[in-house]
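With chain P held as given, fit chain V onto it using these hints.
Residues per chain, in single letters:
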Amino acid sequence: MRIEERRYTKTDHLRPTGYLAKSLVVTFKGLWRNTKNRPCTVQYPWEKVVYPDNYRGRPGIVLDKCIGCGRCAKECPNQCIEMVQIELPNLGAVKRPQVNVGRCMMCGNCAEACPTNAMMVTPDFELASYSRAEMIFDPIKLQHPYKPGYEVNYEFALLSEMKGGEAKTYAKNDPNVHDVIVLEGAKCISCGRCAKTCPAGVIVMTETGELNPKTKKPIKHPKFDNTKCVVCEQCVEVCPKSALSIKEVL
Amino acid sequence: MSTLYTVLQDVTEWLMGLIASLVDWTKLGFLSGLADWLETEPVLTTVTTLLVALIYFISLMMFGLCFIWMERKFLGRFMDRRGTQVGVLGFFQNFADGIKVVLKEHIVPKAADKPLFELGVFGILATSFMLLGCIPLSPQFYVINVPLALLLGIAIFSFAPFSLLIGAWASNNKFSLIGGMRGAAQLIALEIPILLVVVSVVVMTGSLSFNGIVGWQQAHIWLGIPLFIGMVTFLVAGIGESERVPFDLPEAEAELVEGWTTEYGDVRWGLVMACDYFRAYIMCGLLTMMFLGGWDGPDFIWAEVWYLAKTFIVFFFFIWARAAMVRIRTDQILKLGWTRLLPLALINLLIAISLKVAEVF
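Protein chains in written order, with our numbering: chain P, 553 to 802; chain V, -19 to 341.
Here chain P stands alone, though its shape is the one from the complex:
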């Protein structure tokens, strides 16, 4: 019966069939079902619902993959990621992300932004603790064993190609399609800070062939290996003369 066809009379719910018999039958069916099978209550600490495959819990990190580019900290909408200095046995003092999980909203943007898929979303959601300090996960505590599927991947298309009518999709971190760093050569003072800062090690100071008129030494300019660049913008930030800028790929 369609809903529009149902007619309610004034005392419909007070008739024996409506008030007594129907409700008794409905509740008894529920009792039988819940006794035969089990109630829908999940006794949480002892039994857990199977979480979906794409569940996004707290962020986790694989320290071996992390290059310390800081893109996660830049992307974080809640600004709960901070790059802190830690001592790693094989690398020495490096900067790695520290997450304030108490402020994290589990959006997974950090894992999406990560160029090496070191940052990932884990299914870990039981984060309650007795103090706020325990909620701050330093890089060591943030580690989580990797499983395929924890990393966040995406595909994208370029606007310029979409205008042309044929949109080609590219995978995340496609080495050929990403923003590039542009050098304004006249501003460069050849200090080499960008090369020292670059976490991916793609900047090499190369000689341009010209000589400095005063010191008679060859002038060096940074040269970028765009297939390895992760566009972390650290070189742009560190440049004292603002000679570097980002050219977006569109």
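No wet-lab data here; the hints were simulated from the structure. Positions of the beta carbon are idealized from the N, C-alpha and C atoms, including for glycine. This list has only true hints and no planted wrong ones.
In the BS3-like style, the derived pairs of lysine-lysine whose C-alpha atoms are separated by at most 27 Å in a straight line are:
(1) V:K53 - P:K588
(2) V:K53 - P:K574
(3) V:K84 - V:K53
(4) V:K53 - P:K600
(5) V:K53 - P:K581
(6) V:K315 - P:K574
Which chain P residues stay away from chain V? Per the calculated CB distances, all over 12 Å, these:
(7) R610
(8) E627
(9) M635
(10) H696
(11) G701
(12) V732
(13) S742
(14) E789
Relative to chain P, chain V alone:
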């Protein structure tokens, strides 16, 4: 004499002898008369009766707890959840609640009528506990066996409206007073159908004692079959009389905040709450006695077990009604009482009389 009484008589004699010898051992001259007095017949009878009442009371209190537990678990299943979880199958939740209630502070409102405030609770407690003693579990296990036990039970039951009104008035709270008024009106309205159904049972069996009623049913037929209308009327009126959903106006949790018990806090409130279940047990017990043959049943297990099993089954219907139905208004309850249940009870009485006149049984 119940078996319980005869067994406890020996215990009492031994106990009194022990106390008397202790008194003798003190060698205090002025106590020598006391030792003799302790072993006289009246003292022994009194102490034995008290012991019987105590044991009966404790065992029925435990069954009352079972009722609460049963309601919690069954309501849980009715509502697609699990009910209580503490202890074995959640049974110890009642004890936890009891301990919590006992540890609470006793608060009397400043403007309350203090003596009446205390009296209201003790009125309903005393009547409910007296009722526990009125209903025997079996011909061997009982406290009192008076010829007019059924009438006595109903009479004590009808004391409740007074306690409600006293407690409600003494609280000096308008919502409590409304709750008490509602409760009293409802209890009085539903008492008359109950009494008429009881009359029909008495007409059929010709006895007012539970032994007589159950004996008649053992000899002939369970009264629930010929007097089915009466049984249904008694069930509905019994749910109303024990103030349970869908007739729980006196303690409308949502809008009257527990009705007349709003101002009661500590163990008094806990006992009143337990009394609700004792009164529900008494209604189930009366229904079992009058219509389902009491302790009548095959002989392979004790009579008490038959009686209690039937009581629990009747209580299941109470729970079922609670899970299925919503609360109805005061005027609807009164209308139901006066224009539906009363005629049904009268028809039932007519059936009983005609069966008796036609000498079917």
